[in-house]
Amino acid sequence: MGKKEIEFQIKWKTDLPYNYSIGKLAVKFFEELKENKSIMGSKCPKCGKVHMPPRAVCADCLIEMKLEDMVELSPRGTLEGFTVVNYPFIDPTTGGMRPFPYGYGIFKLDGADTYMMHFVNETDHTKFKIGQRVEAVFKEKREGNIGDIPYFRIIREG
Amino acid sequence: MPKNNVAIVGIGQTKFRSKRRDVNIPEMIYEAVKMALDDAQMEPKDIDAILIGNMDHFEGINFSEMWCGIDAAPGYLKPVVKIATGGTTGSSLGICGYYNIASGIYKKILVVGWEKLNEGGATTGIITAFDPVWERPSLAGALGPLALMANMYAAKYGITSEQAAKVTVKNRSNAANNPFAHLQMPNITLDYVMNSQMISYPLRLHDCCPQSEGACAVIYANEVEAKKVTDNPAWFKGVSTAHYYTFGTDDIMYNLPTATIASKKLYKKVGIKDPVKDLDVAEIYEPTSWSELSWTEALGFVELGGGGKLLDEGITQMSGELPVNPSGGVLSTNPIGATALVRFAEAAIQVMGRGGKRQVPDVETALGMGFGGSLWTELAILGKDPSPLR
Amino acid sequence: MDKVAIVGCAQTKYEAEKIDLTISELVFEVVKKLHNELGITNDDVGCVITGSNDFNDGRTIANMAIQDAVGSVRKAESRVSGDGAFAYVYGAMRILSGEYDTVLVVSHSKCSEGDQFLINNSIFDPFYQRHLGLDQISSAGLMANMYMSKYGITEAQAANVVTKNRKNAINNPYAHLQNKVSIDDVLNSPMLAYPLKELDFPPYSDGAVAMLLTNEENAKKFTDTPVWLKGYASCTDAYYLGHRTMTDLIGLEYAAKEAFKMAEIKDPIKELDVAEVFEAFSVHELMIYEALGFCGKGEGGKFIESGETQIDGSIPVNPSGGVLSSNVAMANGLIRVAEIALQLMDKAEKRQISEANTGLAYGMNGICSQGNCVLIFGGE
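Chains as they are written, first to last, in the numbering used here: chain W, 1 to 158; chain Y, 159 to 548; chain U, 549 to 928.
Hint data in this document are derived by calculation from the structure and do not stem from the laboratory.
Here are the simulated EDC-like cross-link-like pairs (lysine to aspartate or glutamate), alpha carbons at most 20 Å apart as the crow flies: (1) Lys66/W <-> Asp568/U; (2) Lys203/Y <-> Asp229/Y; (3) Lys13/W <-> Asp683/U; (4) Lys423/Y <-> Asp591/U; (5) Lys623/U <-> Asp409/Y; (6) Lys314/Y <-> Asp409/Y; (7) Lys28/W <-> Asp69/W.
Taking beta-carbon pairs under 8 Å as the criterion, some of the chain W residues facing chain U (in silico): (8) Trp12; (9) Tyr18; (10) Asn19; (11) Gly23; (12) Arg55; (13) Ala56; (14) Val57; (15) Asp60.
Glycine included, C-beta positions come from ideal geometry on N, C-alpha and C.
Construct all of the structure, not just a fragment, from the sequences and the given hints.
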């Protein structure tokens, strides 16, 4: 007979919107990316370390990097590590599931002293190799955010 | 040595599980709290202060300590403070507890780490730990960067998937001796791990830690108070912490530099010359099987690149010279806010000789480790007395 | 208790929206300022304790964003998730343990980046309270209503807190709101949560504060006027609003009693020269007077009318302008500590209380004084 099942859970869903300040250096980075397909890092005026992504503080020297400390980097780099993400999860930036599988790599752009991670356009891990050269692929219509480089591609000779 | 020596006198853990649908958050935490109080033969009123922590975003509750510190722990009309630092939350709590007693400000405190992360979304929450401009759009939770680390580590030193898989086999069969562990697999085989699905190359499903729900409660006391309740406490010989750059990718990721920095500091303080000889057991924080191999190098158990060899030689097995993770480690149980505190608690259990089936014989000195954030390390060394070895 | 000193502090100007600064840059500003003022480098800092909140920053492990800025690379850093006064306490514990000579304590908030209603509503449990839409403002309304009804306090009496603090803020170069308001301005402002109106509440501000702590041996290396911790206590009231005593701040009362005992203070008004308290809304400050023992229960309204808490009174409260003038969510308690330190160092400039030798700072966690931290400082 109809006995109502006890529910042990309640559901709660809420959007938590934020407006993150990105700082002057990021504003310049995205301007250059959008207008000139140019990738910029920040160079510490004291120790000379070139940081990608650019940021306002050199952590080793604890001094400020300003707009005039930004330097252009090559869109090419050497792959130091890679993986192919193959599991589902909710993307906090969209609220929906992020499509998978996707290639993901860590590399240093020529000219930078720090590494960065980004999408790489390969979903077969056997086709990756540490040491491959990668190159930024730019969107035709750029908007001034990191999506303007949808992925890096592996430069395959021949 | 600090101004006041610090002892662990009571420990409580819940039986960790994937989903504790039978209890709400305070009820779950209370299980561990009650167990710790009974263990220390203390009443709620005996506790001077509460330290409690979890990751707010995983359960979607802001200032969770204001609720749980009162409803699940004896925090009413007492000090209640939250320490929360990501994967290192448990060890940060454990270390804050150390300073609460070492400073002389409090005499007996309760330290609780907990997580009920399947009520929310851990991977989604973890992604928000990273920079919204540069990192979030591509980052895949904790496993993405851990996979990259494993990939680079394997390539740099020639570590094989099989060696990594052996870590899972070791830890999850160890977990069968631990009544609290989440994944207890006494009959686990290498094939089971090697045949599991590729989650994020080179990490297979069983190279990765689970997501567990549960709580761990530890009661600390100073020397005078410890003597009143037990003649077998575990004493802190020392703690250390090392943090790193905001962007985890600023430096190489195939080693763990902060573990090297923190362990060097701590070994010097505690008088440890050769960790494999001087330590009797280690509970380290291995979010993936590959991590355990790499962390044993960073902690100085073996030279850089020798993690696979150390495992192959059996040194970190239960029967070896320095058993690592007799509790099953993080690969068997991972309730994020509690995980690192469980490492300290399990190290204490070993020192106290209360490990039952997972007890390593004749433990005098034990290491506990926390890991998280942008590749940070926190360490504690516990022993039968608070003095340095030498 | 052994001795622990504050030897320097730095604050940003508090503003509604520091849109051009990332949180890292905001924190770096005060860290750098502090290093420069004390003539130190990062090598002189033993470890760092920070205070922040994930929901406020919109970032899990919020302290990860500021590692570079606080100089914690290769060092120890830990984060208190809560009001900055509690971060001060943890920093002091690290000094008192004897294991560190110097500790940098930093706290920040950028209220402009998040939705304050949602952030505060999330403090309430999802079973019974959250869907009532409770937040700091509505809870304050409930508390004010119950307190004022019980003791016959009037809205006009409470408005005196606002006029006092907003006037004081004019002397504080860091304060966010630096313009006077009148009793009528307060009484005529839109009702937000009866009986509290818009001007009974603080603004939301962006800002950061940093200070350096050290032990007795090293204090004189940094300053001739170190500020010593004399008394500390913390006490937490119940969680559910229905379990709380909404008419009296009993958590604060307990904490104050303990802190005064530790500092050997028997008569707070006589022995304290200045107080900086976390007044989350106008009526709150009246309740705080009573809990601190400045006046009897229910006499908060009369006490403010007596003028004793004005800057020329016997116990000036919030010469900085208080939270009603600058509300930097997670940093408020540490700002109170910084302001007391400045008073005791004789560096408070236009807002200086003359011959300030003993001060009280009060920081608060959660909703309406659920978590309380009372700190007593002395110049000797």
